[in-house]
Amino acid sequence: MDSPTQEQPGIFAGFIAITRRDLLLAWKRPGDVLNPLFFFAMVCTLFPLAVGPSPEQLTFSGPGVLWVAALLATLLSLNSLFMSDHEDGSLDQLLVSPQPLPVLALGKTFAHWIISGFPLVLISPLLAIMYRMSMDIVGVLMLTLLLGTICLSLLGSIGAALTVGLHRGTALLSLLILPLAMPVMLLGANTVSLAAGNEGYATGIWALGAYVVGAISLAPYATAAALRISNE
Amino acid sequence: MWKFFHQLASPPHFYRLSAVLIPWLVVPGILLIAYGTYAGLFVASEDYQQGDAFRIIYVHVPSAYLSMMAYMMMAVGGGIGLIWRMKLAHTVGAAAAPLGAAFTFLALATGSIWGRPMWGTWWEWGDPRMTSELILLFIYFGYMALRSSIDDTAKADKASAVLALVGVVNVVIVHYSVTWWSSLHQGQTLFKEGGPGMDADMLYPLLAMILGFTFIFGALLARRVRTEVLFRERRTRWVRELILAPEGGK
Amino acid sequence: MTAKLSANDLTLIRGESCLFQGLEFALNPGELLILEGQNGSGKTSLMRAIAGMLSLETGEIFWNGEPVSRQRQEFHGSLVWLAHRTGLKGDLTLVENLRFEGCLRRQAKVDKAAIYERLAISRLKRLPLRSLSAGQQRRVALARMLMADVPLWLMDEPFTNLDREGRQLVMDLTEEHLAKGGMCVMAAHQDVEINATIRKVRL
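Protein chains in written order, with numbering that gives the first Met the number 0: chain Z, 0 to 231; chain G, 0 to 249; chain P, 0 to 202.
So here's chain Z without its partners, still in its complex pose (with noise of 0.2 Å):
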């Protein structure tokens, strides 16, 4: 019994076999892919629809009221991170596994993320062209948001451990999350409009590359110790 008869598995497997498991549920639910999208068409159309059409406040706005809708259907969708889990039974099994909880962590994230977060960046460009917005600026689109969803995902992840199985967690992880949030969809959404105003937006790009890469290092650490502290 002393003598193991193979190595404890390694932390890549670990992080890969987590995002598999979480990506493997999620298409055996496609439905719950569609719903952060929806929502996110859904309110990029509530605004046109509230503050009249007028292509001048469109093309304007556009920028961002993408991003804040990106940033609500990502807020909306976060909640779920944990939940499931936390419900069967299965976080706890995560909490006794030798595999770091960080990295665990961070590949739930990441499954999370390509469920939630990437069909936005995929959809943005259509929604793009209801704003009225030139092409050659959803080429920026695309990346600030699709940097900015990964920050989102990973800060959202550290509420979403802390509220996970609190009464009324939704409510209080958006009241947590924002922000956090607020300075990645100002990054985001400013960018895009510099880019349409054709001025420079190399600083914004980069800003949130450090915002990701910091968030990616960072946020595992704080999510793991969030979900310890919430599963006592």
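What the hints contain is simulated information worked out from the structure, not anything from laboratory work.
Every residue, glycine too, gets a C-beta built ideally from N, C-alpha and C.
Hints may be right or wrong, so weigh each one.
Claimed, not checked - What the simulated footprint calls covered on chain Z by chain G, stretch by stretch (three residues with Cβ under 8 Å from a Cβ of chain G suffice, anywhere in the stretch; the number is not a length):
#: 1; region: 158-167
#: 2; region: 172-184
#: 3; region: 214-227
Unchecked claim - Result set (DSS-like, lysine-lysine): computed pairs, CA atoms no more than 27 Å apart in a straight line:
#: 4; chain 1: P; residue 1: Lys108; chain 2: Z; residue 2: Lys27
#: 5; chain 1: P; residue 1: Lys108; chain 2: P; residue 2: Lys179
#: 6; chain 1: P; residue 1: Lys124; chain 2: P; residue 2: Lys111
#: 7; chain 1: Z; residue 1: Lys27; chain 2: P; residue 2: Lys179
#: 8; chain 1: G; residue 1: Lys2; chain 2: G; residue 2: Lys86
#: 9; chain 1: P; residue 1: Lys179; chain 2: P; residue 2: Lys199
Claimed, not checked - Across the chosen pairs, the derived CB separations fall in these ranges:
#: 10; chain 1: P; residue 1: Glu65; chain 2: Z; residue 2: Ala12; range: 42 to 48 Å
#: 11; chain 1: P; residue 1: Ser16; chain 2: Z; residue 2: Phe37; range: 43 to 49 Å
#: 12; chain 1: G; residue 1: Gln6; chain 2: Z; residue 2: Trp205; range: 48 to 54 Å
#: 13; chain 1: Z; residue 1: Ala209; chain 2: P; residue 2: Met52; range: 34 to 40 Å
Add chains G and P to chain Z, keeping to what the hints say.
Leaving out everything else, chains G and P in the frame of chain Z:
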């Protein structure tokens, strides 16, 4: 020296110590605020650009400064509580939160009042400091909401400590990103930084007010921590003895 | 000789109530530790504390003489936890679930088909777990436990949802595990007839 700190971390010792400490905070605080108010309103000369309107900085600046300091105390208290498992550190964080939120609100209100004659409107989005302060208020609300939604005190302490620490990083990021944003959109900043260009008769009242406010904040915080300690330790013997003591406890 | 798993002066406070204090135990290879107590007496909490999920007010758990808090990964790599909730995903099949679990923890080189046969779950391999009965799901959880190559088994009410055959199966499996030098901590309501050294902790 270490023994003093070690003793301070024990709730009953802190309770006794703070009873002695609070008057020493309240009296200088009131005196400083009295001097600062008088000097700020009557002695300091008019600002050459803003006229008398600038005098509200005597409330605005201390409030804004305390809103940040309270948050730092929450974060540091949370960190100490998490790492060294000191319950009193968590208690200080819990007590500081509503105070900090109140001062944040005060800073926003005074800032808005100040801005009215200058901007012509009650709110100017382009001012990066005010916008950052508003986001800080939301961060406070989130912290207090998280605390109140977790029933178990120990768990609430630890969860909000994590949130406060994450928020510290965020406060810095928010400040820089909002500054960048306002530079893009050319808003009008509210606060002309006094700094070295400020006259002595404008500066001294301001320093007095900042110091006085800090003392009062300390006194209020100590008072809140005392109450919180009594509540958290209500089942222990020392609290029971305190309440049943002849003079009825304080 | 220090016991493989031991604890001293354990105190746990949940919310307002003190569940237990001054608790201690020691466990050696080949031994079974039974946690006895009424519902709500803290058996599950004690087990969670042993597993490292709850923080204790006082006291420490020791593994191989070292505190668990200093070797968390090592300790977790040496145990498997059979909890009240199975911790398996209902949407995935048995095979998919166990394949995931295999990447979390060191696996023993065993004949999987033989294990499925023994647990009577072979023909359920391709079904999603939520379409299995509670008893069958528990057997899948047992399969997970068998496939992990770990010395320590933590079992919280392992007989729940199992019929008489299932309960006998659990006792046989535990006995075999102990005979190979493994250890078991079990929270159980009912009497357990196992041929091994048994220590008890009463809550």
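Tested hints:
Evaluation of the coverage hint for the region 158-167 of chain Z: fulfilled, as 5 residues show C-beta separations to chain G shorter than 8 Å, against a requirement of three. Here's how the region 172-184 of chain Z fares: 7 of its residues keep a CB closer than 8 Å to some CB of chain G, so the rule of at least three is met and the hint holds. Given a C-beta distance limit of less than 8 Å, the hint that chain G covers the region 214-227 of chain Z holds, as 4 residues qualify and 3 suffice. Of the pairs offered as hints, the one joining Lys108/P and Lys27/Z is violated, with about 30 Å between alpha carbons and a cut-off of 27 Å exceeded.
Proximity of Lys108/P to Lys179/P is assessed by CA-CA distance (about 15 Å); at most 27 Å being required, the pair is judged to hold. Distance check on the hinted pair: Lys124/P and Lys111/P sit about 11 Å apart at the alpha-carbon level, within 27 Å; holds. Restraint check for Lys27/Z and Lys179/P: not satisfied, since their Cα atoms lie roughly 40 Å apart, outside the 27 Å limit. In summary, the hint linking Lys2/G to Lys86/G is supported, as the alpha carbons are separated by about 17 Å, within the 27 Å threshold.
Between the alpha carbons of Lys179/P and Lys199/P the distance comes to roughly 21 Å, so the proposed pair stays at or under 27 Å and holds. Taking the beta carbon of each, Glu65/P and Ala12/Z are about 26 Å apart, not inside 42 to 48 Å as hinted. As the Cβ distance of Ser16/P to Phe37/Z is approximately 47 Å, the hint placing it in 43 to 49 Å holds. Here the CB-CB span from Gln6/G to Trp205/Z is close to 50 Å, well matched to the stated 48 to 54 Å.
About 35 Å separates the C-beta atoms of Ala209/Z and Met52/P, a value consistent with the hinted range of 34 to 40 Å.
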